[in-house]
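With the sequences and hints as input, model every part of the structure.
With the working numbering, letter number 486 in the sequence shown gets 486, and the count goes up by one each step, no holes.
One or more hints might be untrue.
Stated by the list, open to error - With a Cα cut of at most 30 angstroms, we get these calculated BS3-like pairs of lysine-lysine: (1) Lys335 x Lys471; (2) Lys389 x Lys327; (3) Lys471 x Lys386; (4) Lys327 x Lys386; (5) Lys327 x Lys197; (6) Lys29 x Lys4; (7) Lys197 x Lys552; (8) Lys335 x Lys386; (9) Lys552 x Lys471; (10) Lys552 x Lys327; (11) Lys335 x Lys552; (12) Lys197 x Lys128.
Read the hints as simulated data drawn from the structure, not as lab findings.
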Amino acid sequence: METKPLLAVRDLRVSFRVDRRQPGFEAVKGVSFDIPENSTVALVGESGSGKSVTSLAILGLLPPENATVLPGSRILYGGRDLVGLAQDELRELRGRDISMIFQEPMSSLNPVFTVGYQIAEVLRLHLKLSPRRAQARVLELLDEVGIPDPLAKSRAHPFQLSGGQQQRVMIAMAIACNPRLLIADEPTTALDVTIQKQILELLAALQDRHRMSVLFISHDLAVVGEIADRVVVMRSGEIREQGTTDAVFRNPQDAYTRALLQCRPPLEHRPQRLAVIDDFMGSDKPPGAPGERARGLAGNEPIILEVRGLGKSFYSRQGLFGQREFKAVQDVSFKLARGKTLGVVGESGSGKTTVGLTLMRLHQATAGVALFEGRDLLAMPNAEFKAYKRRIQIIFQNPYASLNPRFTVGQILTEPLAIHGIGANDAERGALVRELLARVELPEASYHRYPHEFSGGQRQRIAIARCLTMKPDILICDESVSALDVSVQAQVLNLLQDLQDQFGLSYIFISHDLAVVKYMSDQVMVMNQGEVVEFANSDDIYLRPQHPYTRKLLAAVPRADHRIRAA
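What follows is the structure, encoded as structure tokens:
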């Protein structure tokens with residue numbers, strides 16, 4: 001006899017009204033799937049596929065002013081249809097029976113209140129616990145999710161915790177009332193591989209302990225393969241494929257599923273070009289296997305940048321007259337070959353980004369030299385450094401924050417040309433900008449549009465184009481693909497490879513994603529707590545890691561064939 005699922009979604013359709021004069025946009029189109037008892041179901045797809053909208057519809061959290069769950073949609077939980085349920089009934093259900101971990105903990109946690117107060121609020125609201133009992137339960141929950149010194153951390157504000165600890169607080173809040181269904185919306189997207197693995201293992205352990213079901217939302221099939229029992233693949237608001245994890249991964253039936261599986265850089269080899277979604281769609285057969293890209297240094301390549309003993313310390317006040325020194329970077333040395341890529345990997349706080357910002361003189365170095373064609377970039381006067389600034393550019397992690405929202409793309413790309421006197425007049429600079437847009441595969445119409453009109457991947461292309469306006473020799477890529485869907489990430493990585501092949505650019509590629517670093521890099525520098533712990537050709541690092549920290553990072557890389565939780 002077939003058992004009833006814990007939650008059944010039937011023909012769910014959600015429409016958003018953008019303009020009163022136009023018909024609504026249907027973001028979810030007839031989605032149906034089940035979540036069995038004590039199991040993990042993963043919703044997978046790119047941004048805009050309808051994953052998060054589906055989860056918000058389940059909880060009744062869609063904005064009522066412009067979102068509508070269309071007639072005929074059903075969300076069945078415990079014999080009740082949640083569609084159309086009164087708000088007071090939904091409020092009682094949320095947090096107690098069904099709870100959610102949102103994607104970005106810093107925007108979900110209230111910065112004004114301590115984390116202990118925020119967890120206790122859930123307990124007081126749903127379980128009616130007294131302040132003393134709620135405080136005791138808060139400490140139990142923080143201990144259960146692996147936060148050290150629960151009493152001290154309960155008194156901390158969110159900004160005083162690391163990203164991994166903030167996510168653990170969100171998990172503690174979500175499981176506070178022992179829910180039967182936990183919805184986890186991209187809970188590991190921006191985390192280091194080691195913290196990501198810890199969070200996945202924690203969710204699996206909590207699920208087994210509390211016998212709850214999990215709806216796990218992600219764009220990364222490698223992560224999903226480690227934790228999910230069943231997979232539901234979505235694209236453009238529709239389900240393209242669903243089934244057990246083993247069946248979907250071993251024998252995907254839909255071209256889109258095959259594309260998602262192939263977009264992520266493999267650890268085992270290095271294709272000349274990464275597969276993208278368009279390679280698969282419209283064809284029943286996957287694209288032919290591209291050739292392999294050789295990486296590594298022979299030792300006789302010309303050196304464009306040599307860094308010796310780089311150090312950067314930050315200081316904070318201690319007492320009335322004293323100060324405390326924090327050494328963010330200590331004695332970092334490396335050589336960057338012309339036309340090659342140096343990958344820099346490590347966890348958050350390892351000093352990766354500080355190295356890049358210090359080389360750009362956005363931080364003032366406290367020790368060391370950085371020799372560019374024999375001149376020390378760190379010691380030269382500002383006026384002299386301006387000429388070199390054109391030749392060393394940086395792509396920041398967040399294109400949303402690094403592009404001026406008040407400028408059109410044309411203005412964003414023309415501004416550095418005007419500042420540095422490139423181009424005889426506005427017409428010539430405009431022609432250069434349009435040529436750059438074509439080079440990063442953006443349409444000419446982009447010239448007159450604003451950053452908010454573009455997707456994340458397109459904004460990153462704009463940021464790359466802005467760097468190329470200076471015709472640099474060195475490009476520092478600071479986590480420049482970490483927040484992108486795997487399919488968009490593949491497009492940007494292919495673009496960076498093409499630009500390097502065409503212009504002989506040298507890259508310092510900073511990332512916590514070891515699969516991406518291996519694919520892009522000739523050499524890899526592994527950093528931990530501000531120091532270099534290992535440095536070698538990329539293939540040697542991955543095949544024969546020497547340092548325990550490097551081995552720890554490699555062991556944390558998600559692999560779809562390794563299951564954290566047995567089905």
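Status of each hint after checking the structure:
1. Lys335 x Lys471: holds (21 angstroms)
2. Lys389 x Lys327: holds (26 angstroms)
3. Lys471 x Lys386: holds (14 angstroms)
4. Lys327 x Lys386: holds (28 angstroms)
5. Lys327 x Lys197: holds (27 angstroms)
6. Lys29 x Lys4: holds (24 angstroms)
7. Lys197 x Lys552: holds (11 angstroms)
8. Lys335 x Lys386: holds (22 angstroms)
9. Lys552 x Lys471: Violated: Lys552 and Lys471 sit about 38 angstroms apart, past 30 angstroms.
10. Lys552 x Lys327: With a Cα-Cα distance of about 23 angstroms, the restraint between Lys552 and Lys327 holds, given a limit of 30 angstroms.
11. Lys335 x Lys552: holds (25 angstroms)
12. Lys197 x Lys128: violated (34 angstroms)
The structure fails hints 9 and 12 (numbered hints given earlier, in ascending order).
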